[in-house]
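Undergrad: Chain residues, written in single-letter form:
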Amino acid sequence: MKSVPVTLERMGVHRGLSCTETVTMSTGFPELDQCLEGGGWPVGVLTELRLGRTGIGEMRLLMPLLASLSRKAYVLWVAPPYKPYAPALVAQRMVLDRLILVYPRTHKEALWAVSQGLLSPSVGAVVSWFSNIQEGEFRALQRRASEGGHWSFCFLPETLAPRPSRLRLALQPIQEGLRIVLSRKAKRPPTPVVIAL
Amino acid sequence: MLWLAVVLPALPLEVFASRPAPFGVVEERVLVACDAKAKSYGLSPGLSVTQACAVCPSLSLQVRDRLAEAALLENLAVFAYRLSPRVVLKPTGLLIHFTDKMSPVGDPHTLFLKVEEQLQDMGYQAEVAIAPTAAAAWLCASSGTRTVWTKHDAWRTALRSLPLKKLPLAKEVHDACAGLGLSLVGEILDLPRAGLSRRFGLDVVHTLERLMGERPELDVSWVPPSLFKRRLLFSFAIEAEETLLFGIHRVVREWVMVMRSREARVSQFTLDIGCEDRTTHSERFTLVRPERSVQVLMGLMRERLRNWRPSAAITFVSVVAPLDISTEGSLSFWHEEGCHDSGFKELLDRFHARLGRESVRTLSWHPDHRPERSTIEGSWPPLGLPAHMPPFCDRPFWLVDPPISLDVIHHIPQSSGPLRIIVGPERLETGWWDGSVVRDYFIAVNVRNERLWVFRAPDGQWFLQGYFG
Numbered sequence: 431m432k433s434v435p436v437t438l439e440r441m442g443v444h445r446g447l448s449c450t451e452t453v454t455m456s457t458g459f460p461e462l463d464q465c466l467e468g469g470g471w472p473v474g475v476l477t478e479l480r481l482g483r484t485g486i487g488e489m490r491l492l493m494p495l496l497a498s499l500s501r502k503a504y505v506l507w508v509a510p511p512y513k514p515y516a517p518a519l520v521a522q523r524m525v526l527d528r529l530i531l532v533y534p535r536t537h538k539e540a541l542w543a544v545s546q547g548l549l550s551p552s553v554g555a556v557v558s559w560f561s562n563i564q565e566g567e568f569r570a571l572q573r574r575a576s577e578g579g580h581w582s583f584c585f586l587p588e589t590l591a592p593r594p595s596r597l598r599l600a601l602q603p604i605q606e607g608l609r610i611v612l613s614r615k616a617k618r619p620p621t622p623v624v625i626a627l
Numbered sequence: 038m039l040w041l042a043v044v045l046p047a048l049p050l051e052v053f054a055s056r057p058a059p060f061g062v063v064e065e066r067v068l069v070a071c072d073a074k075a076k077s078y079g080l081s082p083g084l085s086v087t088q089a090c091a092v093c094p095s096l097s098l099q100v101r102d103r104l105a106e107a108a109l110l111e112n113l114a115v116f117a118y119r120l121s122p123r124v125v126l127k128p129t130g131l132l133i134h135f136t137d138k139m140s141p142v143g144d145p146h147t148l149f150l151k152v153e154e155q156l157q158d159m160g161y162q163a164e165v166a167i168a169p170t171a172a173a174a175w176l177c178a179s180s181g182t183r184t185v186w187t188k189h190d191a192w193r194t195a196l197r198s199l200p201l202k203k204l205p206l207a208k209e210v211h212d213a214c215a216g217l218g219l220s221l222v223g224e225i226l227d228l229p230r231a232g233l234s235r236r237f238g239l240d241v242v243h244t245l246e247r248l249m250g251e252r253p254e255l256d257v258s259w260v261p262p263s264l265f266k267r268r269l270l271f272s273f274a275i276e277a278e279e280t281l282l283f284g285i286h287r288v289v290r291e292w293v294m295v296m297r298s299r300e301a302r303v304s305q306f307t308l309d310i311g312c313e314d315r316t317t318h319s320e321r322f323t324l325v326r327p328e329r330s331v332q333v334l335m336g337l338m339r340e341r342l343r344n345w346r347p348s349a350a351i352t353f354v355s356v357v358a359p360l361d362i363s364t365e366g367s368l369s370f371w372h373e374e375g376c377h378d379s380g381f382k383e384l385l386d387r388f389h390a391r392l393g394r395e396s397v398r399t400l401s402w403h404p405d406h407r408p409e410r411s412t413i414e415g416s417w418p419p420l421g422l423p424a425h426m427p428p429f430c431d432r433p434f435w436l437v438d439p440p441i442s443l444d445v446i447h448h449i450p451q452s453s454g455p456l457r458i459i460v461g462p463e464r465l466e467t468g469w470w471d472g473s474v475v476r477d478y479f480i481a482v483n484v485r486n487e488r489l490w491v492f493r494a495p496d497g498q499w500f501l502q503g504y505f506g
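Sequences listed follow chains A and B, in order. No gaps in the numbering here: position 196 of the first sequence is 626 in this note's numbering, and each next residue is one more. No gaps in the numbering here: position 225 of the second sequence is 262 in this note's numbering, and each next residue is one more.
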């Protein structure tokens with residue numbers, strides 16, 4: 431009698447998580463690409479980004495992806511914390527006409543706006559900022575994200591308890607650039623990466 | 038080719054809701070129409086008011102309301118438009134054109150019965166007739182013969198026995214014909230045409246030729262109004278949201294049907310909801326993309342009404358919408374990009390409906406050195422200003438607008454600890470024409486390794502202008 435893990439290994443049994451092939455797009459930072467499964471930002475995953483404060487280089491991390499997406503599709507930002515500065519976006523080759531900024535008045539509206547963006551085929555990426563989000567709400571967004579082919583990112587404060595995301599990146603500013611600690615649902619030890627911005 | 042004529046002989050009477058018998062309608066002091074009771078007194082159209090009142094003192098009179106008559110006919114035309122796209126309005130009725138293959142309703146006889154029945158349901162006294170030419174159908178209907186003639190019948194012969202006085206000819210011609218002893222259509226048809234035209238003019242001959250189908254008929258088709266207006270009165274006041282949405286759904290279904298029949302779409306509309314306390318809640322919708330889908334329109338209204346609570350029970354809903362004749366969407370086959378965009382516009386409409394126009398913003402870049410003026414946030418659609426690349430070296434992603442004043446300790450600006458200047462200064466001196474600005478910009482790092490964009494004003498004060506996100 432063989433143990434279950436061995437059997438699974440031998441018979442090539444289909445397992446949802448490990449066998450799904452995720453479409454990815456390079457982050458623009460080779461060091462980070464190496465650490466990510468598939469070598470880039472995955473499609474259909476609500477990527478959780480943890481940061482202590484806004485303005486530590488988190489946008490420069492996403493910019494290569496968003497800029498290249500903005501040439502083909504719309505990019506939706508829900509509840510950005512500050513006013514984006516257009517010349518900086520233009521300098522990063524972002525197509526401004528393709529950027530939609532949504533400022534919801536309530537938390538519920540924010541959740542709604544994100545899920546609408548995740549349902550629309552004309553939107554390529556959804557970036558959202560939340561100061562707090564319930565686990566159930568996060569799961570619901572995650573489900574939506576996995577239905578359509580979108581890149582989606584959710585900025586959350588560091589202090590919040592971990593949410594059940596498939597990909598979580600904790601961002602810390604250091605002198606050399608940005609220190610990123612990756613943790614995935616698969617139980618692997620978190621790997622720190624440093625990228626220069 | 039077939040024409041169905043509907044003549045409303047009692048139209049001037051029927052526009053009045055209350056008609057106490059004996060009842061008559063006058064125009065320019067001449068009796069135009071009167072009801073059966075008045076006729077039994079010996080009254081007939083054409084009498085002067087004085088004569089009529091002398092014959093029948095109990096007669097109640099109303100001045101003819103031509104506007105109401107036109108409105109009534111317009112309503113009837115909308116009904117007729119469902120049967121055929123070609124409807125011709127006449128002063129006292131209308132003509133509907135059909136091809137030989139007939140109507141969606143069925144063969145001519147079924148159609149005849151159906152139209153007659155529906156007109157009766159609507160409460161009109163109407164004469165209906167079907168004939169191969171418009172003039173013949175009109176003549177039959179005005180003579181009240183209830184005929185259904187297709188081109189296979191001997192309608193030309195049958196027409197001859199109809200009274201001449203119902204033909205649309207000038208009064209002098211009718212008088213002259215009466216003088217000649219002509220009383221039937223057949224008798225005037227037998228006269229040599231050359232002589233007729235010499236005596237009465239060419240128009241009479243043309244009328245006869247149109248009647249017999251020897252000359253094309255030049256009637257202007259009725260064009261339905263380019264505005265959809267529908268008010269649904271609830272027979273009892275309603276409170277539940279479900280019922281309200283059900284009512285709206287009914288209106289929307291009808292509205293979409295009208296749009297389909299006319300190849301139209303809607304790009305803006307107003308939804309009014311009336312309450313029992315006589316307040317009307319009005320919602321105005323503007324769509325980025327013209328629409329005509331029940332789901333999309335219902336979705337927009339549902340999103341908008343989600344947070345609205347009626348102040349009292351609801352008594353009516355009404356929709357007023359100009360119809361756009363639009364081909365948008367029908368050509369998506371040719372360009373894939375357009376397809377992509379259309380889904381986006383739908384999304385934008387949903388955002389607008391739920392969050393309001395002010396919450397959905399777009400960025401555009403304005404060539405100005407002052408940071409607070411170079412970024413313009415506006416509502417959709419984008420301004421589309423010239424977007425040539427600025428030669429900016431390093432600019433922050435997040436703009437702090439207005440800038441925050443920073444504390445200075447020992448000449449070092451503070452923002453959660455002392456700041457370390459790494460790049461700068463970069464002098465920005467501009468705007469002498471409106472709000473002059475002289476600033477020295479620096480890129481600074483605080484103790485947490487966050488990069489900030491700060492500037493020093495000429496008076497030595499420090500400000501935080503942005504974060505390098």
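Just so you know, these hints were derived from the structure itself, not from any lab. Keep in mind the model is a prediction, meaning the values are calculated, not measured. Quick reminder that beta carbons are idealized off the backbone N, C-alpha and C, glycines included. One thing to keep in mind: the hints can contain errors.
Now the in silico label distances, taken between C-beta atoms and shown as ranges [what the hints assert, rightly or not]:
no.: 1; chain 1: A; residue 1: ARG535; chain 2: B; residue 2: HIS318; range: 17 to 23 angstroms
no.: 2; chain 1: B; residue 1: ARG123; chain 2: A; residue 2: ARG535; range: 50 to 56 angstroms
no.: 3; chain 1: A; residue 1: ARG535; chain 2: B; residue 2: ILE441; range: 40 to 46 angstroms
27 angstroms max Cα-Cα, derived DSS-like pairs, lysine-lysine [as the list claims (entries may be wrong)]:
no.: 4; chain 1: B; residue 1: LYS208; chain 2: B; residue 2: LYS127
no.: 5; chain 1: B; residue 1: LYS76; chain 2: B; residue 2: LYS203
no.: 6; chain 1: B; residue 1: LYS382; chain 2: A; residue 2: LYS502
no.: 7; chain 1: B; residue 1: LYS151; chain 2: B; residue 2: LYS203
no.: 8; chain 1: A; residue 1: LYS538; chain 2: B; residue 2: LYS382
no.: 9; chain 1: B; residue 1: LYS208; chain 2: B; residue 2: LYS188
no.: 10; chain 1: B; residue 1: LYS382; chain 2: A; residue 2: LYS513
no.: 11; chain 1: B; residue 1: LYS188; chain 2: B; residue 2: LYS382
no.: 12; chain 1: B; residue 1: LYS203; chain 2: B; residue 2: LYS127
Undergrad: Tell me if the straight-line CA distance from LYS188 (chain B) to LYS382 (chain B) falls inside 27 angstroms.
TA: Between LYS188 (chain B) and LYS382 (chain B) the Cα gap is close to 52 angstroms, so the pair fails against 27 angstroms, i.e. violated.
Undergrad: Check the hint pairing LYS382 (chain B) with LYS513 (chain A) against an upper bound of 27 angstroms on the C-alpha distance.
TA: Distance of about 24 angstroms is within 27 angstroms: holds.
Undergrad: Mind checking the alpha carbons of LYS151 (chain B) and LYS203 (chain B) for me, to see if they're no more than 27 angstroms apart?
TA: holds (25 angstroms)
Undergrad: With 40 to 46 angstroms as the target window, see if ARG535 (chain A) and ILE441 (chain B) comply at their CB atoms.
TA: violated (24 angstroms)
Undergrad: Decide if the proposed pair is consistent with the structure: LYS208 (chain B) and LYS188 (chain B), CA atoms, cutoff 27 angstroms inclusive.
TA: Status violated; Cα separation ~31 angstroms.
Undergrad: For the range 50 to 56 angstroms, tell me whether the beta carbons of ARG123 (chain B) and ARG535 (chain A) fit it or not.
TA: About 52 angstroms separates the Cβ atoms of ARG123 (chain B) and ARG535 (chain A), which means 50 to 56 angstroms holds.
Undergrad: With a cut-off of 27 angstroms on the C-alpha distance, tell me whether LYS76 (chain B) and LYS203 (chain B) pass.
TA: Satisfied, since the Cα-Cα distance of roughly 20 angstroms is no more than 27 angstroms.
Undergrad: Are the Cα atoms of LYS382 (chain B) and LYS502 (chain A) separated by 27 angstroms or less?
TA: Given that 27 angstroms is the threshold and the Cα spacing comes to 15 angstroms, the pair holds.
Undergrad: Can the restraint linking LYS538 (chain A) and LYS382 (chain B) be considered satisfied, given a maximum Cα separation of 27 angstroms?
TA: holds (22 angstroms)
Undergrad: Hint check: LYS208 (chain B) vs LYS127 (chain B), CA-CA at most 27 angstroms. Holds or violated?
TA: Holds. LYS208 (chain B) to LYS127 (chain B) sits at ~18 angstroms (cutoff 27 angstroms).
Undergrad: What's the verdict on LYS203 (chain B) and LYS127 (chain B), does the C-alpha distance respect the 27 angstroms limit or exceed it?
TA: Holds - the C-alpha atoms of LYS127 (chain B) and LYS203 (chain B) are around 15 angstroms apart, at most 27 angstroms.
Undergrad: Taking the Cβ atom of ARG535 (chain A) and the Cβ atom of HIS318 (chain B), is their distance within the range 17 to 23 angstroms?
TA: At 20 angstroms between Cβs, range holds.
Violation of the numbered hints given earlier is confined to hints 3, 9, 11; the remaining hints are satisfied by the structure.
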